[in-house]
Structure formats: C-alpha cells, structure tokens
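S.K.: According to the numbering used here, the sequence shown is numbered sequentially starting from 20.
Wrong hints could be hidden among the right ones.
Per label pair, the in silico range of CB-to-CB distance [unchecked claim]:
(1) ARG301 - ASP427: 27 to 35 Å
(2) ASP381 - ARG514: 27 to 35 Å
(3) ARG96 - LEU232: 37 to 45 Å
(4) LEU472 - GLU372: 40 to 48 Å
If you are wondering where the hints come from, they were derived from the structure by calculation, not from laboratory data. Keep in mind that this is a model prediction, so the values were computed, not measured. Glycine included, each C-beta is placed from N, C-alpha and C at the ideal position.
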Amino acid sequence: MAAEADPFWLGRALVAEGALSEEHLASARQAWRRNPQEPFALVLEKLGLAEPRRLAELIARRHRLPEARLNPAAFSRAAARLLPEEAARRKCVLGFAQEERRLQLAVADPARYGPADARSDFPGYEVSLHVAPQGEILALLEEAWGPPPAAEAGAGELFGRLLRGAVAEGASDLHLEPRERSLEVRHRVDGRLAHRRFIEGGVREAVVQAAKLAGRMDIAEKRLPQDGQGALQVGARLYHLRFSCLPGVHGESIVVRIIDEHAGVRSFEEMGLDAAEIARLRRLLALPHGLIYVTGPTGSGKTTLLYSMLNSLPAGEINELKIITLEEPVEIRHPRAFLQVEVADRIGRTFGEVLRHALRHDPDVLLVGETRDRATAETTLKASLTGHLCLSTLHTGDALGAVARLRDLGLDPLLLAEALKGVIAQRLVRLLCERCRVPHPQRREWAARLRELPEAPEGRFFAAAPDRACPLCQGRGYRGRSAIVEVFPLAGLERRIAEAAPAAELLRELRARGCGTLYESGLRKAAAGLTTPEEICAAVEAPARGCYDQQDASPPAS
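Given the sequences, and given the hints that come with them, work out the whole structure.
M.R.: In structure tokens, the structure reads:
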C-alpha cells in the first residue's frame with residue numbers, strides 16, 4: 020500500500036493538540052527528508068518529540084484499527100517467525116498471536132502495510148491488523164530473531180561538526196540533552212537556548228562517548244557527574260572548552276562551555292556602560308585599598324566586568340603593581356602583568372587556601388573569583404584592611420544584597436563597614452537587531468514611565484520583530500548583548516552599614532547622590548532603542564522589587 024499523500028499529518032495533529040511546537044515539527048520534517056522512506060511517526064519517536072503509545076493511538080484512530088498491547092512475556096515467537104527475518108524487520112510487521120489459521124499482526128503504519136500486503140505475505144491465513152509503536156515491534160522481533168547487525172562510525176567527526184557549528188553561530192555553550200529516544204542539540208546564543216537538531220537512535224550514545232573523550236573524561240563511568248577540559252582550533256583562533264557531564268534518566272547530558280581565550284578584555288564602553296557609571300567605577304578603582312564586590316547570577320558577566328576593571332588601570336600602574344587573580348577556572352588569559360592562579364577544590368586548592376598563600380606574594384591587587392564561604396570572606400576582608408585592593412563576586416540578586424550576604428557569612432559588622440568600599444550589580448540584556456526592530460506597540464506608556472526617572476532622556480522604544488531572512492540576526496530579532504549595571508560607592512555609609520540598616524534605606528541615600536539602579540540603567544538603554552523594555556523587566560524586575568521593596572518596575576498595562 021502506498022504511503023499517505025501527507026506524511027506530516029501526524030505532526031500537525033500533535034501541534035493542534037498542543038503536544039508539539041512548530042519549531043520541533045520543522046526540525047522533525049528536516050530529519051525525515053534525510054530519509055523519506057522512514058515513517059514520520061518513527062522520526063517523531065526517535066527524536067523523543069512524542070510518546071510512542073500516543074502516536075500509535077492517533078494512527079489507529081485514523082485508520083479505524085485496534086491497538087495492540089504487546090507483551091514481551093506472552094507473544095508468540097512462532098507467529099513472529101512466520102515472515103522471514105529480513106522482510107519482517109524491513110516492513111516492521113510482527114505476528115504476535117496465532118490460533119490455527121487466524122493470525123494477529125502488529126504494524127506501525129497501516130498506510131505502508133495494509134490488508135492487501137498482509138494477504139500477500141500470509142496466504143491461507145485470516146489476518147487482523149493492529150497498530151503498535153514501531154519500537155515495540157522491533158524489540159519483539161529482536162526477541163524472536165536476535166539483535167540485528169549494527170556498526171556506528173564517525174561519532175567523533177559528528178561531535179566535531181557540532182562544536183564548530185556552535186562556534187560559527189557565536190554560541191557560549193553547546194548542550195547535548197538526552198531524550199527518551201534521541202539526543203537534542205541546543206546552542207546558547209545571547210543568553211538564550213535555541214534548538215538546533217536531533218541526533219537519532221543508537222548514534223546518540225556514540226556522540227556522548229565522543230564528547231566525553233574530547234573532554235578527557237572517564238567513558239566507563241556513567242553513574243557520576245564528571246568535569247573535563249579540552250580545546251578546539253578553528254582557523255587562527257583557539258577555543259578553550261569546559262565539559263560537564265550529568266547522568267539523567269534517559270542518559271548522560273553534556274554541556275560544553277566555549278571560551279575564546281583570545282577575544283580580549285572589553286572596555287567599559289564596549290560593554291555598554293554610560294559615562295556616569297564609568298566615572299563611579301573609576302573612582303572606586305582609584306582607591307589604594309578596600310573591598311569591592313560584583314554581584315549577579317551565573318552568566319551575568321561578572322568575571323568580564325572584573326577584568327575590565329583591572330584593565331582600566333593605566334599601563335604604567337599595572338606594570339608597577341603586583342596583581343594576582345584566583346579563579347575556578349581561569350577563563351580569560353590576560354596578556355598583561357597578572358599572576359593568574361587556578362583554584363581546584365578536588366585537590367584541596369580552595370579559594371581560602373590559595374588566598375592565604377597569595378598574600379605571601381606581596382600583592383597590591385587581588386581578584387578572588389568567587390566568595391563562597393566564611394573563610395574566604397574573612398581572609399579577603401583582612402587583606403583589604405592591610406593595604407590591598409580586593410575585588411570579588413557574590414551570587415546575590417542586586418548590589419546591596421552583598422552587604423546582607425557578607426553579614427550572613429559571619430563577618431564583623433564594624434570591620435565590614437570599614438573595608439567595603441563599593442558594590443556593583445550587573446546583568447546582560449540582548450540587543451535589538453537594528454535591521455529588524457520595529458516601534459514598540461506600547462512606546463507611549465513606556466515613555467511616560469521614563470519621565471519618572473531623574474534627567475530622563477527622550478524615549479525611542481522598539482520591539483523585536485524577527486525576520487528569518489535577516490542576514491544580521493538570522494531570524495532571532497536580537498544580535499549581541501550589553502551590560503546594565505548599578506554602581507554604589509559606599510563612602511559615607513559606614514555607620515549605616517555597621518548598624519545593619521535595611522537595604523531600602525541605603526538605597527534612598529545612594530539615589531539621593533545620583534546613583535541609579537539596574538532597572539533605571541536598563542530603562543535608559545531601552546529608551547535609546549538598544550533593547551526592549553521586556554528584556555529589562557525579565558532581567559531585573561523580580562530581584563529589584565524583592566530586595567529594595569519600594570521600586571516599582573512593573574510594565575505598563577497592555
């Protein structure tokens with residue numbers, strides 16, 4: 020029987036019931052076109068886009084046939100072997116029950132194998148067709164005949180292509196995520212994950228093993244998480260790769276962080292900071308000693324900002340200073356006179372331990388990649404009080420959250436008030452594609468909100484309008500990212516910090532001095548047409564409202 024004229028009806032049915040996205044349907048169609056002889060249901064099943072039983076239900080309903088509930092312990096091997104092995108596998112037909120001359124067949128696609136085919140293959144039998152998932156049929160054929168021969172090759176070459184494709188797209192991370200019957204490939208571009216393709220069937224395990232080999236991980240260990248490192252040369256550029264492997268219920272998930280070691284350190288202007296923010300940062304860096312913290316979630320650009328701060332020191336000063344950085348791992352290889360030390364907890368080379376030894380090397384400036392515990396916080400605090408300028412990071416929702424977090428770690432409030440010179444928060448927001456952007460439908464409402472800010476600029480708000488034909492953004496509507504920051508110098512607030520004043524009170528005093536918040540920094544960037552108000556609210560609304568408890572960052576009603 021000929022295949023149905025519309026091979027994608029099953030995918031459209033799943034989209035109609037909300038079980039499948041248009042993006043995943045498009046990916047499945049592309050996979051099917053590489054092998055159009057394969058049933059589209061099997062493609063959906065291999066890619067893990069639909070439950071096999073649900074596919075069988077839809078197919079059975081369309082062809083008005085019963086479903087087969089196959090039981091590996093109760094099917095008839097004799098019935099399964101009535102058709103030669105090669106034909107049974109090729110046609111995906113399983114005889115699962117037989118009573119004299121009555122035979123029950125399980126088929127995956129009645130449009131490809133129907134009653135006429137059954138009568139031809141089983142003459143003299145009264146045949147009834149049932150629908151079952153193709154995977155179940157093939158599994159029972161393997162029970163009846165044994166496993167088919169298979170040879171997987173080229174997995175290493177395929178993984179290399181995946182890596183190079185991620186680099187070409189400018190992705191920061193490559194994700195290989197196991198589904199029930201496939202491996203989904205996604206790229207993180209401009210902070211957002213985007214589906215790229217599926218790797219089907221048995222090939223997925225070979226690709227995961229190739230990734231583990233590239234990251235120098237133990238391929239025999241599949242029960243425990245692992246980390247690894249590697250490198251990739253693309254043209255004249257060398258990329259450092261950080262691998263992470265995490266076992267899941269459907270297999271091992273691999274994430275590869277792609278770090279361009281020669282991308283260079285960006286200036287404050289290249290990061291997107293405005294003149295007032297840069298001036299406040301430079302005043303903090305001009306201090307001879309003290310403690311400065313940069314806060315934000317993972318992936319918010321804290322390390323990049325710290326290196327930009329170090330790099331903003333005049334070349335003469337850098338050459339006269341002893342600068343030591345402690346990081347896990349060192350992501351930016353700096354060409355200037357820095358001593359960069361990599362922390363490794365697994366061998367006892369922790370931040371606190373390395374920091375104590377680093378102080379014996381007579382540093383002028385210390386960069387501690389992350390303050391995780393009381394020991395590190397106390398050692399950094401003492402170093403800042405004995406003539407060192409110390410920079411570090413904390414995972415808090417906003418800048419002033421660092422003050423409360425350091426108190427929670429057990430630091431002496433009086434010493435903290437004396438040492439802490441400034442706190443900075445940063446987020447990264449996507450930049451609009453200048454070719455695709457369109458006027459924002461709520462630009463008047465946002466312009467009214469903009470007027471609430473001090474020295475409000477004239478607003479030109481835009482929205483994303485992705486154009487798949489756009490050569491700049493490739494249909495994403497956004498191209499690149501920029502930083503929004505709040506920079507809070509704390510000089511003059513020592514007494515309030517020692518008294519554990521609420522963050523809202525500290526913020527009021529800072530705003531009276533002209534310091535803006537993350538939300539205000541972002542809104543100004545949106546008003547300049549560089550990003551959207553929605554990007555700003557997604558990045559900072561919840562943390563700002565949660566900490567300061569007085570800043571209304573809600574968008575206007577639509």
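S.K.: All the hints need checking, so say for each whether the structure fits it.
M.R.: Hints versus structure:
1. Hint check: ARG301 to ASP427, Cβ distance near 30 Å, so the stated range 27 to 35 Å holds.
2. Distance hint for ASP381 and ARG514: a CB-CB separation of about 33 Å, consistent with the stated range 27 to 35 Å.
3. The given range of 37 to 45 Å is respected by ARG96 and LEU232, whose C-beta atoms sit roughly 40 Å from each other.
4. Checking the proposed 40 to 48 Å range against LEU472 and GLU372 shows it holds: the Cβ atoms sit about 46 Å from each other.
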